[in-house]
Amino acid sequence: MSLTIARSERSATTRSPDVRAAAPKGMLAVARRRRQSLQNSRWLLVPALAVVMLLFALPLVRMLWLSLFDPGFTLAHYADFLGSGTYLRVMFNTVALAFNVSMLCVLLGYPVAYAINSTSPSTRRLFLIPVMLPYLTSLMVRTYAWMVLLGTHGMVNNFLSLLGLGPYRLINNSLGVYIGMVHVLLPLMILPIVNAMQNIDIRLVHAAEGLGATRWQAFIRVFAPLSLPGVAAGSCLVFIISLGFFITPALLGALENMTVSMLIENQVGVALNWGFAAAIGIVLLVATMATLALAMLVVKAAGSRMASGGVRLV
Amino acid sequence: MISGRARRSRNDVRTYRVPLVVWIIAGLVLFFLVFPIFVVIPISFSAANFLQFPPKSLSLRWYGAYASGHGWVEATILSAEVAVVASAFATAIGTAAAFGLIRSDFPMKKAIYGALLSPLIVPSIITAIALYFLFAPLHLIDSFAGLVLAHTVLGLPLVVVVVAASLRGFDMAFERAAMSLGAAPWTALRRVTLPLIAPGIATGALLAFLASFDEVVVAIFLSGTNAVTLPKKIWEGVWLEITPVIAAASTVVIAVTVALFTALEVMRRRSESTTGHALR
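Residue numbers (this note's numbering), protein chains in the order written: chain A, 9 to 322; chain B, 8 to 287.
Keep in mind the hints are simulated off the structure, nothing from the lab. In this text, all values refer to a predicted model and were calculated from it rather than measured experimentally. Each residue gets a CB set at the ideal place from its N, CA and C atoms; glycine is no exception. Treat the hints with caution; some may be incorrect.
[Stated by the list, open to error] Only some residues are given here: those of chain A computed to face chain B with a beta carbon under 8 Å:
| hint | residue |
| --- | --- |
| 1 | L66 |
| 2 | N165 |
| 3 | L168 |
| 4 | S169 |
[Unchecked claim] Where chain A lies over chain B, by a calculated footprint (3+ residues, C-beta under 8 Å):
| hint | segment |
| --- | --- |
| 5 | 23-34 |
| 6 | 66-77 |
| 7 | 81-91 |
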């Protein structure tokens, strides 16, 4: 479903420049005014902007304020966070986790996207159901399901004991966190990749083969580079979401798997240290925005529209 | 292999052959994706005192436990109420904003679009504590209103994205035709445009509903003991007890999701067929 959205969005944006080029600006404005109701309806944005300002921007500004004033101006909260080895390790672990999860999602998601994309459009819709279904199922429910599956007396260990193996510790450690997070985020990798692959003209691959490339060469030299924007969009999406992940690592991980989000929750809920929590929040926010900006630069450099369509998906 | 040859015999240049190994990997990954969801459902019908899969005997006792107390039903109702009100707000405000974005030109349009989408990008833990800091002095913590306000801002970008997409894909010829036949702009909008983009609006509304109904992180901070949503209740539950009652509650969540999506799909098909007739 989201795929069709992204596609229609793209076809519309590619159409508009020709229309604009066809008529001088003044004429176009008149024609447009006649053509559609709610023309120049900027005021319709006011309620939405008010909501975002009051319930999103204002709270963030207040959070920034809390992190800097306690009650006088201070950078102590930031110094505490950035000066402590323990907290820096949490930060490093979070970034490493996000990176590894993104890579795992590429490794697992790419073959799925490649296989799905080779089918006819109607079959493709069918294959996308098992991708969309977990994506639409509550995060809490999915994490709970993994707790059930991976516990010491869970299904996986019961099954392994039939084979005379285990029991293994699959939960409350890094393995559990990785399994849970990859499961939650994999659809967000598969969807943008499929989206990008749909736009590849397969005749190019056949042409390469016709010119003497082996199937592997045709894939590596022609198909794979053309699908890269989708991989970039998916990786960026998964990385950014992983950075702020809270529920899954909290339930499936151990203390050494603490992420920045868990640290924040702990500081607000247990330590009641609002200023410090706010400072960590700001650091996490800056990290997220920096990643996003970097990814956008890369995508822009690649000059690809496909990827931005993919990012807009979610 | 066989499927590959069959496809090639159709001589379709737009497709390609996928090695069997890749299909096997893809199949395993897809299995990994859906399997946990299909584990929760049978467990909820188990008769055992503990988690058992596959259940040796079936019963509805955990649904009985779900229905009989400890606030599960109250939490479900509260979640549904919050989701309905928040998604209604988000849909109304978001649809208006999508019209404002698509049908007018002004400087900084991209920046404004970005600002409207920003709640999607910022990690939910940050939104959660920021709202917590704001709401705490306003006594909005642990209240219905607080949850609705928070979930409205989370659902809004979803509505904006989806409705803006369907407005971009909307063929202005329909509206122009209505107006050339004498319809006032407002009438053309109400009688032609809105019905045609209704599936987009419904999808946006549904996504906003689910975003609220499934939301945990913000709810963990904004609800206390009084206004507890279902995901927050499950979150509390998994720390205390891993009994099948949580599986029953989870199955309720899955059922609501699937039911809503089926309803949406049916509605979309019906509207496609009626617009098809209208055009003919």
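Regarding the hint that A/L66 lies at the interface with chain B, is the smallest CB-CB distance below 8 Å? holds (7 Å)
At a Cβ distance under 8 Å, does chain A reach at least three residues of the segment 23-34 of chain B? With 7 residues closer than 8 Å to chain A, the segment 23-34 of chain B meets the three-residue bar; holds.
Hey, does the A/S169 contact hint survive, CB to chain B under 8 Å? A/S169 check fails; min Cβ-Cβ to chain B is 13 Å, beyond 8 Å.
So, A/N165 near chain B? Judge it on the closest CB pair being under 8 Å. violated (11 Å)
Can you confirm whether chain A covers the segment 66-77 of chain B, using C-beta to C-beta distances below 8 Å and requiring at least three such residues? Violated - the segment 66-77 of chain B has 0 residues with a Cβ nearer than 8 Å to chain A, which falls short of three.
So, as I understand it, the hint says A/L168 touches chain B; can you test that by seeing if any CB pair is closer than 8 Å? violated (14 Å)
Per-stretch coverage check for the segment 81-91 of chain B, three Cβ contacts closer than 8 Å to chain A: violated (count 0)
Violated hints, in rising order: 2, 3, 4, 6, 7; the structure is consistent with all others.
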